[in-house]
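As given, the protein sequences belong to chains P and L, one line each in that order. Here the working numbering = 1-based position in the first sequence + 117. Here the working numbering = 1-based position in the second sequence + 48.
These aren't lab readings, by the way, just hints derived from the structure by calculation. Hints may be right or wrong, so weigh each one.
Straight-line Cα separation of at most 35 angstroms, DSBU-like style, residue types lysine-lysine; simulated pairs [stated by the list, open to error]: (1) K493(P) to K523(P); (2) K129(L) to K493(P); (3) K495(L) to K465(P); (4) K171(L) to K208(L); (5) K129(L) to K465(P); (6) K129(L) to K413(P); (7) K440(L) to K205(P); (8) K506(L) to K484(L); (9) K129(L) to K171(L); (10) K509(L) to K406(L); (11) K129(L) to K336(L); (12) K205(P) to K129(L); (13) K387(P) to K205(P); (14) K465(P) to K589(P); (15) K440(L) to K416(L); (16) K589(P) to K579(P); (17) K465(P) to K523(P); (18) K336(L) to K432(L).
Facing chain P, according to a computed beta carbon distance under 8 angstroms, are these residues of chain L, among others [claimed, not checked]: (19) E52; (20) A93; (21) R128; (22) F132; (23) P134; (24) P137; (25) A139; (26) D316; (27) R318; (28) M320; (29) L325; (30) A327.
Computed from a predicted structure; not experimentally measured. For glycine and all other residues, C-beta sits at the position ideal for the given N, C-alpha and C.
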Amino acid sequence: MAESDLLAATAAETAALIEGNEVSRQECLDIWLERTAADDLNGYLWRADAESAVGSVDQEAQDPVAGVPLAIKDIFCTTGVPTTAASKILEGYRPPYDATAVARLASAGVPMLGKTNMDEFAMGSSNENSAYGPALNPWDRSRVPGGSSGGSAAVVAGGLAPWALGTDTGGSVRQPAAFCGVVGLKPTYGSISRYGMIAFASSLDQCGPITQDVTDAALLLARLEGRDEMDSTSTGIEGGIALPSAANLNGLKFGVPADLVGEGVDPGVKAVFDRTVERIEGLGGTVETIALPHAKHGISAYYVLAPAEASTNLSRYDGVRYGQRASDRDLASMYEDTRGDFFGPEVKRRIMLGTYALSSGYYDAYYGRAQRVRTKIVDDFNSAFAKVDFVITPTSPSVAFGLGEKTADPLTMYMTDLFTVPMSLAGIPAISIPAGMATPEEGGTAMPVGFQIAAPAFGEQKLLEASFALEKAIAFDNGGGRI
Amino acid sequence: MAEELEAVIGLEIHVQLATETKMFCGCPLSFGDDPNIHTCPICLAHPGVLPVPNRKAIEYALLIGAALDCEIAPSSIFHRKNYFYPDNPKAYQITQFEIPICGSGRLGDVRINRAHLEEDAAKMVHVGESGRIQGSDSSMVDFNRGGTPLVEIVTEPDLKSGAQVREWGQLLRATVKELGVSDVNMEEGSLRCDANVSVRPVGTSELGTKTEMKNMNSFRFIERGIEAEIARQKELIGSGGRVVQETLHFDPSTGELHSLRSKEESHDYRYMPEPDLVAIVPTEAMLKAAQDALPELPAARAARYRDELGVQDSAALLLSFETEWAEFFEGVIGHDPGIEPRVAANWVTGEFAAELRKQGDQPLAESKVSPDQLGSLVLMVAGKRISHSSGKSVLEAMVADGADPVTVVEEQGLEQISDSGELETIVEAAIENNPKPAEQVRSGNEKAIGALVGAVMKETKGRADGGEVTRLLRRHLGL
Numbered sequence: 118m119a120e121s122d123l124l125a126a127t128a129a130e131t132a133a134l135i136e137g138n139e140v141s142r143q144e145c146l147d148i149w150l151e152r153t154a155a156d157d158l159n160g161y162l163w164r165a166d167a168e169s170a171v172g173s174v175d176q177e178a179q180d181p182v183a184g185v186p187l188a189i190k191d192i193f194c195t196t197g198v199p200t201t202a203a204s205k206i207l208e209g210y211r212p213p214y215d216a217t218a219v220a221r222l223a224s225a226g227v228p229m230l231g232k233t234n235m236d237e238f239a240m241g242s243s244n245e246n247s248a249y250g251p252a253l254n255p256w257d258r259s260r261v262p263g264g265s266s267g268g269s270a271a272v273v274a275g276g277l278a279p280w281a282l283g284t285d286t287g288g289s290v291r292q293p294a295a296f297c298g299v300v301g302l303k304p305t306y307g308s309i310s311r312y313g314m315i316a317f318a319s320s321l322d323q324c325g326p327i328t329q330d331v332t333d334a335a336l337l338l339a340r341l342e343g344r345d346e347m348d349s350t351s352t353g354i355e356g357g358i359a360l361p362s363a364a365n366l367n368g369l370k371f372g373v374p375a376d377l378v379g380e381g382v383d384p385g386v387k388a389v390f391d392r393t394v395e396r397i398e399g400l401g402g403t404v405e406t407i408a409l410p411h412a413k414h415g416i417s418a419y420y421v422l423a424p425a426e427a428s429t430n431l432s433r434y435d436g437v438r439y440g441q442r443a444s445d446r447d448l449a450s451m452y453e454d455t456r457g458d459f460f461g462p463e464v465k466r467r468i469m470l471g472t473y474a475l476s477s478g479y480y481d482a483y484y485g486r487a488q489r490v491r492t493k494i495v496d497d498f499n500s501a502f503a504k505v506d507f508v509i510t511p512t513s514p515s516v517a518f519g520l521g522e523k524t525a526d527p528l529t530m531y532m533t534d535l536f537t538v539p540m541s542l543a544g545i546p547a548i549s550i551p552a553g554m555a556t557p558e559e560g561g562t563a564m565p566v567g568f569q570i571a572a573p574a575f576g577e578q579k580l581l582e583a584s585f586a587l588e589k590a591i592a593f594d595n596g597g598g599r600i
Numbered sequence: 049m050a051e052e053l054e055a056v057i058g059l060e061i062h063v064q065l066a067t068e069t070k071m072f073c074g075c076p077l078s079f080g081d082d083p084n085i086h087t088c089p090i091c092l093a094h095p096g097v098l099p100v101p102n103r104k105a106i107e108y109a110l111l112i113g114a115a116l117d118c119e120i121a122p123s124s125i126f127h128r129k130n131y132f133y134p135d136n137p138k139a140y141q142i143t144q145f146e147i148p149i150c151g152s153g154r155l156g157d158v159r160i161n162r163a164h165l166e167e168d169a170a171k172m173v174h175v176g177e178s179g180r181i182q183g184s185d186s187s188m189v190d191f192n193r194g195g196t197p198l199v200e201i202v203t204e205p206d207l208k209s210g211a212q213v214r215e216w217g218q219l220l221r222a223t224v225k226e227l228g229v230s231d232v233n234m235e236e237g238s239l240r241c242d243a244n245v246s247v248r249p250v251g252t253s254e255l256g257t258k259t260e261m262k263n264m265n266s267f268r269f270i271e272r273g274i275e276a277e278i279a280r281q282k283e284l285i286g287s288g289g290r291v292v293q294e295t296l297h298f299d300p301s302t303g304e305l306h307s308l309r310s311k312e313e314s315h316d317y318r319y320m321p322e323p324d325l326v327a328i329v330p331t332e333a334m335l336k337a338a339q340d341a342l343p344e345l346p347a348a349r350a351a352r353y354r355d356e357l358g359v360q361d362s363a364a365l366l367l368s369f370e371t372e373w374a375e376f377f378e379g380v381i382g383h384d385p386g387i388e389p390r391v392a393a394n395w396v397t398g399e400f401a402a403e404l405r406k407q408g409d410q411p412l413a414e415s416k417v418s419p420d421q422l423g424s425l426v427l428m429v430a431g432k433r434i435s436h437s438s439g440k441s442v443l444e445a446m447v448a449d450g451a452d453p454v455t456v457v458e459e460q461g462l463e464q465i466s467d468s469g470e471l472e473t474i475v476e477a478a479i480e481n482n483p484k485p486a487e488q489v490r491s492g493n494e495k496a497i498g499a500l501v502g503a504v505m506k507e508t509k510g511r512a513d514g515g516e517v518t519r520l521l522r523r524h525l526g527l
């Protein structure tokens, strides 16, 4: 086996190479550690090495994926390993415990390659809010990888990890997956434990796989999902997750929310979306127009609810118990200086927004109203799923934009989550798969375009089957090669 | 003439639940251990951790709800109450706000507004001479207490005086203690009481501006503090002033009230539903279990003692408020069906309690006297085998060294003189030896008979029946 074969292999293929004794678990890890050391995408904030325990190989592990190493977003707590959520305020913090997701993968024998770059506390859609600089899009390094799991998407797309863990609050797994041309799955809210995932917006946060293909997403989800006693909001997917094998979409109905997918979608993205719709029909599926009348208010509701939750989730960073402390003069100065010096501008913006939205006198006008919009969106999806099996949209209105292009205008940046936020508010599973390439509006290198499929809550298996069939058809249409 | 003012008082009582572990993590509860040994990433609010509710605490809250006759919410939720302070590591306290687990109820003549679950803050220790934050050199935090489950019981403003607050507070304390869900130890802070006090003209229904009195560690102090505050408010209003909303601390050593903070500094807590927790939805089985687990509560027990056993009101209350005393009393009357509960209750709360106090403030639990022994003593006195005063001296010996009353009576020859011939002889001798009081009685001063009774008792070493002695004396003196 050539080393380049291993580095190009999917996680499932790597597992097969290990199974067939083409490569040992230790050799596999060593090759990948060497590869990550060459990270030129600023994809990793911390990398394992031969000495780190987290990078070691468990020879006893029985799981077929044992020994297939994984990159983990720096939002997951890892015992003794720096965990910063890309924030200065947590610089130097080494958690005394493992996130449940990390612990489950460790017990499956999956070694950790490193902690990936992200938007600070997962707040952002471009990875430019990282206190440690943006990760770069491997397709065009002048462009963003998307956010907030930008590092995870970049390292998988850039061949710096076979697979990765991200988190998705309003689209943070799906949007960077789309920008980087990989698969990003946000499972049903609560199906993977949030324990040890540094909280951004608790009612929305969800762990999700970022992988080279749908099969790998299923492999990873199967090992992550399930009830956890440490997270009282966690549930399990009934019957667990099996590897998808569907060859067609016969009898399945796909709904396009016309009131959402309209103006504001780049023509190149629209073209890929339309072509994918044709492919669905070619595979025996039917596509119809549905209504999600409140989904267009999703962004507004989301940017009240998520900051509101964030403002209280982030108030524990006060310099008292861990992380950095800016001042020792007196209590108020310690709080103010620590938070003032070490939170980045986007985090501060959202804390201010959220604090305002929750303050007495404004609570009903903002938080209360946003909750009501959320309920309407849930109702919208329920009505839609009474008619169709899946809801489909582009993952993002545009392809990956240039570094610095949208940083001056937060509202434009927020709009990149237009198609992903409604599913997050509804708590339903949604996946982004690579659907083709499009040239950006302003010209330049052709960039990947993501296609989003959403299913009813706990419809992961169905979602994976449909995505799998479509993925195969897209690859076939493309001449059988990867994008 | 100035209008007459009345006080209106509402209480907020925090009860620390005596669960094995904290409200939202598995750390053990303890009192008085070394600081910060019972902590974990969850109760220290490390990044990424989540709360998981303590099932036992929910069951205890349901039990309190059942005891206070509260409406139990079919689905109650938690909120976050946001504020920055070092005793609050998440910078929000998880508490119940909009929908508490226990809604309106009643205990005695006071309505309960709600009883909700929440977590306790950590303990601040201020280093310096005063022990208070003002003027301290530094402050330290002990997170052992942080996350202890609490039930906060909020009353309607139905109380009128410091004395009523003390009495009702003791009833509540006794009730919660009976449930076995808390140590209800005020000195250790496992029961804390805040009082909201206002005054208003008699006959009006609008509430006046209230002040809040914080964390007093005994109901006696609470009574005194409230009385002082009522007097202050009445005087202030009487002289044309206005009450300012503020939080007060009562110093029992000086009897003075100090302002802790005024309303202007009050926080906007930015309450929000706690997204990390699902709603508490008690099952039918849980509700039934709470009802089934309800013991006889002090108020009901006092009523039973009074109405069914004929025990005097004051003794019935005293016995009912302390489980161990109630159990002791029931042991005494269980000794023999011939014992009259009313008499036994007076012995238990009267002579026996006094003797325990006299002999080194013995707690009942450490007393050497068994309920059966006291029962046998009560029976001997009631059956006139020994006199009441002999009974008291026997009791003294019993409390001192656990002596058996029957043995003491036999050894000391205390059997009452039942031979009326013998007693008549002694009575005649007493009249003869005490001519002066005898003459006084004959000439109409009946009170002087006491001296003659005393003489007889002295002669008989208390073994005579006082009633019989008086009867004989009167006859011999020609009354």
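TODO: Against the earlier hints, flag every one the structure doesn't satisfy and list their numbers going up.
DONE: 3, 7, 13, 14, 18, 19, 30
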